[in-house]
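Use the sequences and the hints to build the structure in full.
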Amino acid sequence: MSTFRQAAATADVAWRSRAADQVLDSRRRRRYRVSTFVMVLVVLVVWSVQVTIIDDTDWERMGSLQSVLAAAGEFLAVDWALFPSLAGPAVETLMIACLGTLLGVVICVPAAWFGALNITPYKPVTYPLARLMMTLSRSIHEIVWALFFVAVVGLGPLAGIFAIAVRSVGFIAKMSAEAIEDIDHGPVEAIRAVGGNGFQVMLYAILPQVLPQVLGVIIFEWEINIRRSAILGLVGAGGLGLVFFRQLNTFNFAGVTAVIIAILALILLGEVLSYFARKAVI
Amino acid sequence: MAGSAGRATALQWRRFRFPQSLIGHGAWIAVLAFLAFSVDHLEIPLERIPDMLGRMWQVLASRYYPPDLAYILDRDYLDYVVETIQMAYLGALFGLLLSVLLGWFGSFNMTPSRRFVYPVARLFTMGFRAVHEMIWAILFVSILGFGMLPGVLALTFFCAGFAGKLFAEEIEAIDMGPVEAMRAAGANLFQTVVFGVFPQVRVAFTGISIYTWDVAFRAATVVGFVGAGGMGWYLKRAVLQIETERVAAIILSIVALVIVSEIVSAYARDRVMRMK
Amino acid sequence: MPILEVRELRARYTSSGPEILKGVSFEVEADDFFAIIGPSGAGKSTLIRCINRLVEPTAGSIHFYGTDVTTLPGRQLRILRRDIGMIFQEFNLINRMSVMDNVLSGRLGYTGNVRTLFRAFPRADIERALELLQRVGLQDHVDKRADELSGGQRQRVGIARALMQGPRLMLLDEPTSALDPKISREVMGLIKTMAEEFGVPCLCNIHDVRLAMEFCNKIIGLQDGVKMFDGPTGEMDQAKLDQIYAMEVL
Numbered sequence: 001m002s003t004f005r006q007a008a009a010t011a012d013v014a015w016r017s018r019a020a021d022q023v024l025d026s027r028r029r030r031r032y033r034v035s036t037f038v039m040v041l042v043v044l045v046v047w048s049v050q051v052t053i054i055d056d057t058d059w060e061r062m063g064s065l066q067s068v069l070a071a072a073g074e075f076l077a078v079d080w081a082l083f084p085s086l087a088g089p090a091v092e093t094l095m096i097a098c099l100g101t102l103l104g105v106v107i108c109v110p111a112a113w114f115g116a117l118n119i120t121p122y123k124p125v126t127y128p129l130a131r132l133m134m135t136l137s138r139s140i141h142e143i144v145w146a147l148f149f150v151a152v153v154g155l156g157p158l159a160g161i162f163a164i165a166v167r168s169v170g171f172i173a174k175m176s177a178e179a180i181e182d183i184d185h186g187p188v189e190a191i192r193a194v195g196g197n198g199f200q201v202m203l204y205a206i207l208p209q210v211l212p213q214v215l216g217v218i219i220f221e222w223e224i225n226i227r228r229s230a231i232l233g234l235v236g237a238g239g240l241g242l243v244f245f246r247q248l249n250t251f252n253f254a255g256v257t258a259v260i261i262a263i264l265a266l267i268l269l270g271e272v273l274s275y276f277a278r279k280a281v282i
Numbered sequence: 283m284a285g286s287a288g289r290a291t292a293l294q295w296r297r298f299r300f301p302q303s304l305i306g307h308g309a310w311i312a313v314l315a316f317l318a319f320s321v322d323h324l325e326i327p328l329e330r331i332p333d334m335l336g337r338m339w340q341v342l343a344s345r346y347y348p349p350d351l352a353y354i355l356d357r358d359y360l361d362y363v364v365e366t367i368q369m370a371y372l373g374a375l376f377g378l379l380l381s382v383l384l385g386w387f388g389s390f391n392m393t394p395s396r397r398f399v400y401p402v403a404r405l406f407t408m409g410f411r412a413v414h415e416m417i418w419a420i421l422f423v424s425i426l427g428f429g430m431l432p433g434v435l436a437l438t439f440f441c442a443g444f445a446g447k448l449f450a451e452e453i454e455a456i457d458m459g460p461v462e463a464m465r466a467a468g469a470n471l472f473q474t475v476v477f478g479v480f481p482q483v484r485v486a487f488t489g490i491s492i493y494t495w496d497v498a499f500r501a502a503t504v505v506g507f508v509g510a511g512g513m514g515w516y517l518k519r520a521v522l523q524i525e526t527e528r529v530a531a532i533i534l535s536i537v538a539l540v541i542v543s544e545i546v547s548a549y550a551r552d553r554v555m556r557m558k
Numbered sequence: 559m560p561i562l563e564v565r566e567l568r569a570r571y572t573s574s575g576p577e578i579l580k581g582v583s584f585e586v587e588a589d590d591f592f593a594i595i596g597p598s599g600a601g602k603s604t605l606i607r608c609i610n611r612l613v614e615p616t617a618g619s620i621h622f623y624g625t626d627v628t629t630l631p632g633r634q635l636r637i638l639r640r641d642i643g644m645i646f647q648e649f650n651l652i653n654r655m656s657v658m659d660n661v662l663s664g665r666l667g668y669t670g671n672v673r674t675l676f677r678a679f680p681r682a683d684i685e686r687a688l689e690l691l692q693r694v695g696l697q698d699h700v701d702k703r704a705d706e707l708s709g710g711q712r713q714r715v716g717i718a719r720a721l722m723q724g725p726r727l728m729l730l731d732e733p734t735s736a737l738d739p740k741i742s743r744e745v746m747g748l749i750k751t752m753a754e755e756f757g758v759p760c761l762c763n764i765h766d767v768r769l770a771m772e773f774c775n776k777i778i779g780l781q782d783g784v785k786m787f788d789g790p791t792g793e794m795d796q797a798k799l800d801q802i803y804a805m806e807v808l
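Residue numbers (the working numbering), protein chains in the order written: chain A, 1 to 282; chain B, 283 to 558; chain C, 559 to 808.
Just to be clear, a hint being listed does not mean it is correct.
[Said to hold, decoys possible] Just the calculated beta-carbon pair ranges, DEER-fashion: (1) A:36 - C:775: 54 to 60 Å; (2) C:577 - A:192: 53 to 59 Å; (3) B:455 - A:29: 29 to 35 Å; (4) A:22 - B:455: 32 to 38 Å; (5) B:383 - C:782: 40 to 46 Å.
To be clear, the hints were calculated from the coordinates, so they are not data collected in a lab.
Note that the structure is predicted; figures quoted are calculated from it, not measured.
In this text, a Cβ means the ideal position worked out from N, Cα and C, and glycines have one as well.
Have a look at this one:
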């Protein structure tokens, strides 16, 4: 065994020991970092629990666990007799969701066009404008939108349709804009090369590429919109929500459960339909 | 001969072939008919809509402008904002903790038992998800009374369903190679999840968690409508009293908070992307 | 005495599906570097995965150092698996983790749940991982993420991970078919050297017959779930190969 090989072996051992120290050290630091993070989370939880739950709850009025369970138990009964009268409102809810989604898609066209960096007509103005539209649409809850539209167009389904449309714009437009930004540029050049104008480029080069993805997003949003339209009755937009609140205000808890079951059935129907629609699209 | 056969097919070219064209056109016609019927059934005054859009602009300009900024800078209101954030935080956090389990148990490839745990987890996820957050809030308010506790619970249920489904989908989409490798090395189910699954879904989970937080915050701003705490109550009062300039201010404050939370989320997502 | 005895092994994925293995038997000795060759779809991967029961065999027996693998319950199965290292075709590394963590994951069978959660492996494991990384020539990449490495480097991490288990048998599932020919030969050479040095017998699934002839001392030829050839590499010739790969020509 040469001295050189021995020296190399010793160097290896020394390197290993040093490297192991480093590895262990970085792991320790990582653990400290993670535990600090977790501690912050926990402190925030404790503080929030203190403020929102312990201080704010009127424990005496709520009563014992038994009375709470008894209150919850009232929802376990189902008022089956209510179901025949739910068909009409259920159809209305579905219609509001469909029309709302459709209108939302119409509003989305300019929003997605302006909001995609690669095709936005005038970047300094149209792009921020589209982004603002998307953020506004997404950051305001459908209930608030519905209230606004009730104030403008009065009670009724139209306010619900507007609310759903405006609320849908953010998500559909954002996803569509992202899809447009990700397109393959080849077809765009090809259409330009045969002398196509901007509109033709959009129709023949961009739309076919993003269509399946965008339709998928629209179907997804439509499914959510059924859920949304079911509660817009709260602010007077008709449909199942209205029946729901009527039952609640008359303390007919079995009826409330019946309406919830009807909503679930409607959503299930929506999921089945969207499954087939998605298959047809892709 | 081959050439003429080719021309014959070329001449017969149609955009759609017979069965597909029937189904395709049929579906479109059915959808359009349904939409037309809806417009009729809901008695939507189509001719008045352009007029309404004009009025909408007028209403916005005259009644919602200028927003009453002093109102949202008031100490009481800011307290409510903080409470809303806390409610959203707790709801999102508890919901996410629950949804990690739901996602794991409800993913077909990693569930501990396909026969029992999987369908149960799926059912719970679907149930939590299908019911709108406002309905959860109403239910909890009528069981527990007014306050933030029902709000937090409503958000928890809603977030658990919302994130649970997305988590399960992420887990089902992972590459099973590392999972197989961990199994081959003698790791148990928990270890396989920690080493084989978690690193693959970490970025997606962070994204989904942030998204869930966004959604929870938006929901938290309105559960107060039905008495479940937070700034929703303020909003409802302002709306009912037709204090439109205050409504505008409150909506502005919500948008500002959402924008701030989006900036923070983008930063967090970037950090997680680069983690080892 | 053979360390691994496979008798009349049968396997199918679904009860109604086709039988992938139709009664395969063979034995691996303590100093073997054993190749399984055959056309794609012959059941090579299934055969190798039956041995550590990543795929459940439907009939037959597998004896590993005298224990019957096919009947082991959960916990014992995991103890068995940590004695068997495995190297995969697609490397199966955890892409978002560092090279170090990937190698350490070979020790999971010896590590508790809490340590796993905090990735708190003992110092001895870390030093061993460093030694192995040095041996496979990755000492400068310890802190990199696995997805920053090239294919050959990734498979070296895979080798280190398998050896980290301190295995008594190594299963190699097409270890080189995701690599280019030059790197393939290097990686096979490395596996062979390491296996000899650590005294681990290997059972290697391999598509490339030339690599099999060059590195392995025994060969099994598999065709459509049936063993067509079993013997020392020297006895393999072109006629037998043609027979084994006859199906693939069609």
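Hints versus structure:
1. A:36 - C:775: 54 to 60 Å: holds, 56 Å
2. C:577 - A:192: 53 to 59 Å: holds, 57 Å
3. B:455 - A:29: 29 to 35 Å: At 32 Å between Cβs, range holds.
4. A:22 - B:455: 32 to 38 Å: holds, 35 Å
5. B:383 - C:782: 40 to 46 Å: The hint (40 to 46 Å, Cβ to Cβ) holds, given that residue 383 (chain B) and residue 782 (chain C) are roughly 44 Å apart.
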